[in-house]
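Residue 4 is where the sequence shown starts when you use the working numbering, and the numbers rise one by one after that.
Misleading hints may appear alongside valid ones.
Computed cross-link-like contacts, DSBU-like style, restricted to lysine-lysine with a CA-CA straight-line distance of at most 30 Å [as the list claims (entries may be wrong)]:
(1) Lys62 to Lys87
(2) Lys113 to Lys128
(3) Lys62 to Lys113
(4) Lys140 to Lys128
If you're looking for bench data, these hints aren't it; they were derived computationally from the structure. Just so we're clear, the structure is a prediction, and the values are computed from it rather than from any experiment.
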Amino acid sequence: LYVISIYTTFHKDEFINEYNLHEDEHHKLFPAHKSVNGNNINLMNPVYSEMVCMWYVWKNNLISDYVGFEHYRRKLDVKNPPKKGHCYVFEEVTFGETIYQQYSRWHNHKDLDFVIDILEEFYGKNNEYSKTIRESKILLPFCTYMMSWEDFTEMCSYLFGIIDKYS
């Protein structure tokens, strides 16, 4: 037997009724738009709801065998958790353009250039991570996924460790 915790993030109170959001054995609601008990960064940027929830779960050590995050409009199936070293994702999208091109079309490309600079400082020029951003056409949108607790903490240590170092 194992414990699965899936955090459903939302950034408007009216979404609770509009999308029939509720807590159950596996699902926990996470309001990314207002302060919550415990160590949190919610008010830094409430529209990055899944990211602030990930940080919250990681920093507050809310351990379960498997941890997942879902967008209020996209739900995960909790019946078959992935094996350690694997991640179940809600959807994989293949674009006709690269991740970099797609991001640049809708956002400020300088943000992504900064991320690439950080990755290249850490891992060297043209490392696998910056190469993926520049060349891959596969995107895992919606920050809706589930993985083992060990894999999650390893990912957060990497991701938020780089952010902490440069913020």
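For each hint, the structure was consulted:
Under the criterion of a C-alpha separation no larger than 30 Å, the hint pairing Lys62 with Lys87 is consistent with the structure, at around 21 Å. With a C-alpha separation of about 18 Å, the suggested pairing of Lys113 with Lys128 holds against the 30 Å cut-off. Of the pairs offered as hints, the one joining Lys62 and Lys113 holds, with about 28 Å between alpha carbons and a cut-off of 30 Å not exceeded. Between Lys140 and Lys128, the direct Cα distance comes to roughly 20 Å. Compliance with the 30 Å bound is thereby established for this hinted pair.
Every hint from the earlier list agrees with this structure, and none is contradicted.
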